[in-house]
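Chemist: Sequence:
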Amino acid sequence: MIDHEKRLPDIFVYTDLIDRFIENSITASEFESAFLRAIKQEQRILGNPVYPILQELFEDTDAYVSDPSLRTEPEDLDDEQLRACARRARQALREVGYL
Numbered sequence: 001m002i003d004h005e006k007r008l009p010d011i012f013v014y015t016d017l018i019d020r021f022i023e024n025s026i027t028a029s030e031f032e033s034a035f036l037r038a039i040k041q042e043q044r045i046l047g048n049p050v051y052p053i054l055q056e057l058f059e060d061t062d063a064y065v066s067d068p069s070l071r072t073e074p075e076d077l078d079d080e081q082l083r084a085c086a087r088r089a090r091q092a093l094r095e096v097g098y099l
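Okay, so the sequence shown: first residue is 1 according to the working numbering, each after it adds one.
Incorrect hints may have been included.
As the list claims (entries may be wrong) - Simulated pairs of lysine to any residue, SDA-like, Cα-Cα distance not exceeding 20 Å: (1) K40 <-> D10; (2) K40 <-> V13; (3) K40 <-> T15; (4) K40 <-> E56; (5) K40 <-> I11; (6) K40 <-> V50; (7) K40 <-> D62; (8) K40 <-> N24; (9) K40 <-> E59.
Quick caveat, the hints were computed from the structure, so don't treat them as lab data.
Could you put the whole structure together from the sequences, leaning on the hints where they help?
Modeler: Structure (structure tokens):
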């Protein structure tokens with residue numbers, strides 16, 4: 001039996017969104033909308049190591065509150081906190097092979 005190299009799934013839609021957000025090409029609100037929509041429409045089972053990274057960023061994005069006056073909970077994230085989460089996720093994706 002030949003042991004085939006396991007391939008990472010194509011997640012360009014996610015890495016592109018994350019990169020554009022980190023580079024300030026899109027706002028936090030635009031990222032929130034596009035990322036949550038993409039995740040919710042995902043039909044594939046991404047599995048390890050990709051799924052846990054994207055799931056954590058999904059949870060972070062879900063905690064983002066664009067209006068400062070509505071940030072009432074300690075877990076509510078502002079623009080820069082969400083951007084920091086996106087940077088962390090992007091670094092984790094790089095470490096597993098997404099350059």
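Chemist: Is the hinted pair K40 and E56 satisfied, with a Cα-Cα distance of at most 20 Å?
Modeler: Holds, because 14 Å separates the two Cα atoms, which is no more than 20 Å.
Chemist: Does the structure keep K40 and T15 at a Cα separation of 20 Å or less?
Modeler: holds, 16 Å
Chemist: Check whether the Cα positions of K40 and D10 lie no farther apart than 20 Å.
Modeler: Holds: K40 and D10 sit about 16 Å apart, inside 20 Å.
Chemist: Given the hinted pair K40 and N24, is their Cα-Cα distance within 20 Å?
Modeler: violated, 23 Å
Chemist: Tell me if the straight-line CA distance from K40 to V50 falls inside 20 Å.
Modeler: holds, 15 Å
Chemist: Take a quick look at whether K40 and I11 sit within 20 Å of each other, Cα to Cα.
Modeler: Within the cut-off at roughly 14 Å; holds.
Chemist: Tell me if the straight-line CA distance from K40 to E59 falls inside 20 Å.
Modeler: holds, 12 Å
Chemist: Hint check: K40 vs V13, CA-CA at most 20 Å. Holds or violated?
Modeler: holds, 13 Å
Chemist: For the pair supplied as a hint, K40 and D62, confirm whether the alpha-carbon distance does not exceed 20 Å.
Modeler: OK: K40 and D62 at ~12 Å, within 20 Å.
Of the numbered hints given earlier, the model fails hint 8 alone.
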